[in-house]
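Residue numbers (my numbering), protein chains in the order written: chain A, 60 to 265; chain B, -12 to 154.
It is possible that some hints are incorrect.
Computed beta-carbon distance windows for the label pairs [to be verified]: (1) B:Arg(-8) <-> A:Arg77: 41 to 51 Å; (2) B:Ala23 <-> A:Thr140: 37 to 47 Å; (3) B:Arg(-5) <-> A:Asp81: 37 to 47 Å; (4) B:Gln63 <-> A:Ser161: 38 to 48 Å; (5) B:Glu52 <-> A:Asn238: 21 to 31 Å; (6) A:Arg129 <-> B:Glu51: 12 to 22 Å.
By construction, these hints were calculated from the structure, which means they are not laboratory data.
Where a beta carbon is used, it is the ideal one built from N, C-alpha and C, also for glycine.
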Amino acid sequence: MGIAVFRLLARENVTAERTDRDLAAAARAGDESAFADLVRRHQAGVRRCAARVLGDAEEARDIAQLAFIRAWENLAKYDPTWSFTTWLYRIATNLAIDVLRSRGTRDRTHVAHLRLVGDAVPPSAPRDLAEGEVKRIFADLAAELPPTQRAAFVLREVEGLDTGEVAAILGCSDATVRNHVFQARAVLRRELAARYPEYLPRGGAR
Amino acid sequence: MTSCRETRRVLERYLAFELPAADEQAVRAHLASCPACLAELESRDPGAALAVAFGASSEEGGGEEFVQAVLAGIHQRRAERVVGSRRRLWGSAAAAALLAIAVLPLWRSARPWLAPTSEAESAVAVTSNVEPAFVEVEGDAVRVYQLVSAEAGAARVALIVDPELEL
């Protein structure tokens, strides 16, 4: 966990003067400008993560905003022995999972639509795809994953957080995270072969 | 900086979560920037490769507008809570008033033992040679007690209004 926390803090450009914990302590005492600094520091990461879990940038913006508001309202419950980032991602991820669970059939309709659109895309391997195509295909295939599995996969495989950190965010064990990721990879492999065989490398995956 | 050779050597361990966190990050960074090694990952696990490609894609940032939107949301929630608590307060007061209106007549009728003040009672008692009798007369707004005492065969009557009632 220690390395992960260091990496996250480094990635989010924490200044030497005021750490997340300093700002969180000030915010807890009612300092809104300190909390605004936390929002400035983490908004990109939280929005990106929410967008990747949800596959919808607009919805992700709302969820990220709500996550920060919830964080402000629950600062008294924040335990400074934890990474603030982990705590914040936990709030945001839980909100995103709730949204995924509430989507239900809407997502399946969306996937069916994307599948039709996908038929018109010329064949190419994923490594050669344009950024927009990668996002579209990922959103299409990830819709097949159950909400928690999808969140675990995005946090671990897309965002690049380490297993312990993902486990802390999702409130489960490391083994559960690994299991989610293994299963998600298998689903993506299967769905990619079924829906986008042209994107698979010649000879197929093992 | 991890080389292509080193990356491919540890690719199976990367997929099996067997690399230390720092090495894993180095491999990921290399995969995100090296199409040849990403292709190698694709041949082993297309899902994992898609995730790396997706992770390397950019996402729109929020900017100061987002920060201000969060602060506005906080202020709005705070204002809603204040209004909500005031509503709850007024709601509680209204409920209490309605309860009082509904229950007061029952409460009154359930108090046949309601007694006059001890001062008035003793004033009658001084001139009484018998224990006073209490008679309750119900009115619309007041409750009146009739104290009857007998003194040398003559009846004396005192009307005492319940001092708890507002006239």
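Each hint, compared with the structure:
no., hint, verdict
1, B:Arg(-8) <-> A:Arg77: 41 to 51 Å, "42 Å, holds"
2, B:Ala23 <-> A:Thr140: 37 to 47 Å, "43 Å, holds"
3, B:Arg(-5) <-> A:Asp81: 37 to 47 Å, "43 Å, holds"
4, B:Gln63 <-> A:Ser161: 38 to 48 Å, "23 Å, violated"
5, B:Glu52 <-> A:Asn238: 21 to 31 Å, "40 Å, violated"
6, A:Arg129 <-> B:Glu51: 12 to 22 Å, "21 Å, holds"
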